[in-house]
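Trainee: Sequence:
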Amino acid sequence: MSRNRLIYITLSVALMVFSAAYQSRISAVLFIAVLCYPVLAAVCVLICSRMTVIGFVENAPVNSGICPRIVRQKGEAYDLWIYVRNRSVFPCVPIELQCNLPDRDMGLFTRKRIYASVPPLGRCRISVSVMHRYRGAYSAQISSAAFFDPLRIIRLSRRLTSEATLIFLPRKLDMGELIAEAPGEESTDPSLLLKGEREDFSHVREYVMGDMIQLVHWKLTAKLDELMIKQYDEASERRTAILCDYRTDAADTGMAMKQADAVIEAAIAILLASVRAGLDTRVDFGAINGDYRSDIHDMSDFERFYDLMAVMPSRLETMELRQLLAGGQQGASVVFLITGRLSEELIALLAEAAEGSPEMLVLANVNPGIYPELEYKAQQQSFRYLPIKPGTS
5 MSRNRLIYIT LSVALMVFSA AYQSRISAVL FIAVLCYPVL AAVCVLICSR MTVIGFVENA
65 PVNSGICPRI VRQKGEAYDL WIYVRNRSVF PCVPIELQCN LPDRDMGLFT RKRIYASVPP
125 LGRCRISVSV MHRYRGAYSA QISSAAFFDP LRIIRLSRRL TSEATLIFLP RKLDMGELIA
185 EAPGEESTDP SLLLKGERED FSHVREYVMG DMIQLVHWKL TAKLDELMIK QYDEASERRT
245 AILCDYRTDA ADTGMAMKQA DAVIEAAIAI LLASVRAGLD TRVDFGAING DYRSDIHDMS
305 DFERFYDLMA VMPSRLETME LRQLLAGGQQ GASVVFLITG RLSEELIALL AEAAEGSPEM
365 LVLANVNPGI YPELEYKAQQ QSFRYLPIKP GTS
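Residues 5 to 397 (the numbering used here) make up the sequence shown, in order.
No lab work stands behind these hints: they were computed from the structure. Please read all numbers here as calculations on a predicted model, not as lab measurements. The beta-carbon is built from N, C-alpha and C at its ideal position, and this holds for glycine as well. Keep in mind that a hint or two might mislead.
Quick list of simulated restraints, FRET-style, between CB atoms [as the list claims (entries may be wrong)]:
1) Arg156 to Lys116: 19 to 27 Å
2) Ala141 to Ser304: 53 to 61 Å
3) Met20 to Thr114: 44 to 52 Å
4) Tyr82 to Val212: 38 to 46 Å
Work the whole structure out from these sequences, hints included.
Mentor: This is the structure we're talking about:
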């Protein structure tokens, strides 16, 4: 822009010299036109700046006063649309938008400059490819817009308050049927951790709207040509508990968010397998303050839990693992402890809890490969060891 102004000043001086030297009518007209251009350009730019509407486009009309809410999965690249409408008879060429958007390459929010040109009484939509590496709710902003004349000599800025709420969901990992190696150095036979086909039901009844499809007695249904549901006594009902070691010592915010995402995504994967097996499940993050405990019975409960995990804070004040484990074991046939902090103390605690316990204890490690010696030791214990790799899908 400074270069354009320098060219304009040079041209003005040249025309002034030319007009003084030749003293002709055309030289005077050219000199006056050059001198008047900044005034006319400033008026046009001022009108455009006041009559241009800018905002985000996503299920909310522009100028409706509603903040668009955009939901995507973390790590997924998608196009974020920005709306620009010119209500004046003068062209907006160009407009510079100052935005705070998630960068596709970095996966984090950063300052961006976006340029657009809009014809008189026209409008345009600008596509910006974005991506975010962490789950959570964030605010994308267009903080200001700068308007220029066609020669880029005049510049007028206008502050904006256009925002869009971007909600990034955690990855929904599908681990299928959860299988773990049997404990012991000599035993290599895999075993199914979540068994949904149970033969200890007390009786069979007709299907009622809302019953879980996993509990259908298919053999009897085929024989009677009517949906029949297995009915279990409360005492024999199998339940699953998912306990999350949500502690973190990371001072860096990014590392803390990464650790929290890994634990949450592992909980989602195990919970999905449990729901598909037809088992009631409790997920407990061991928080001291706040109710971060959920009971999930079917897929609708799972979807609500999944949406809630998008805004789960990355740091919580949590109880001791011994207290969390003691409370989570009650009434559960399979107990998963999800952690990314494998240690001698944790292995000893689980080994102690597994001794003489009727429940099956499973240690799910979301950071496999970091401590191979501890992982090998965990595989030799009476509880089950389940490594969950970040890329599991």
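Trainee: Each hint needs a verdict: does it hold in this structure or not?
Mentor: For each hint, the structure was consulted:
1. Arg156 to Lys116: 19 to 27 Å: 20 Å, holds
2. Ala141 to Ser304: 53 to 61 Å: 22 Å, violated
3. Met20 to Thr114: 44 to 52 Å: Hint holds: Cβ distance 46 Å, inside 44 to 52 Å.
4. Tyr82 to Val212: 38 to 46 Å: 41 Å, holds
The structure fails hint 2 only (numbered hints given earlier).
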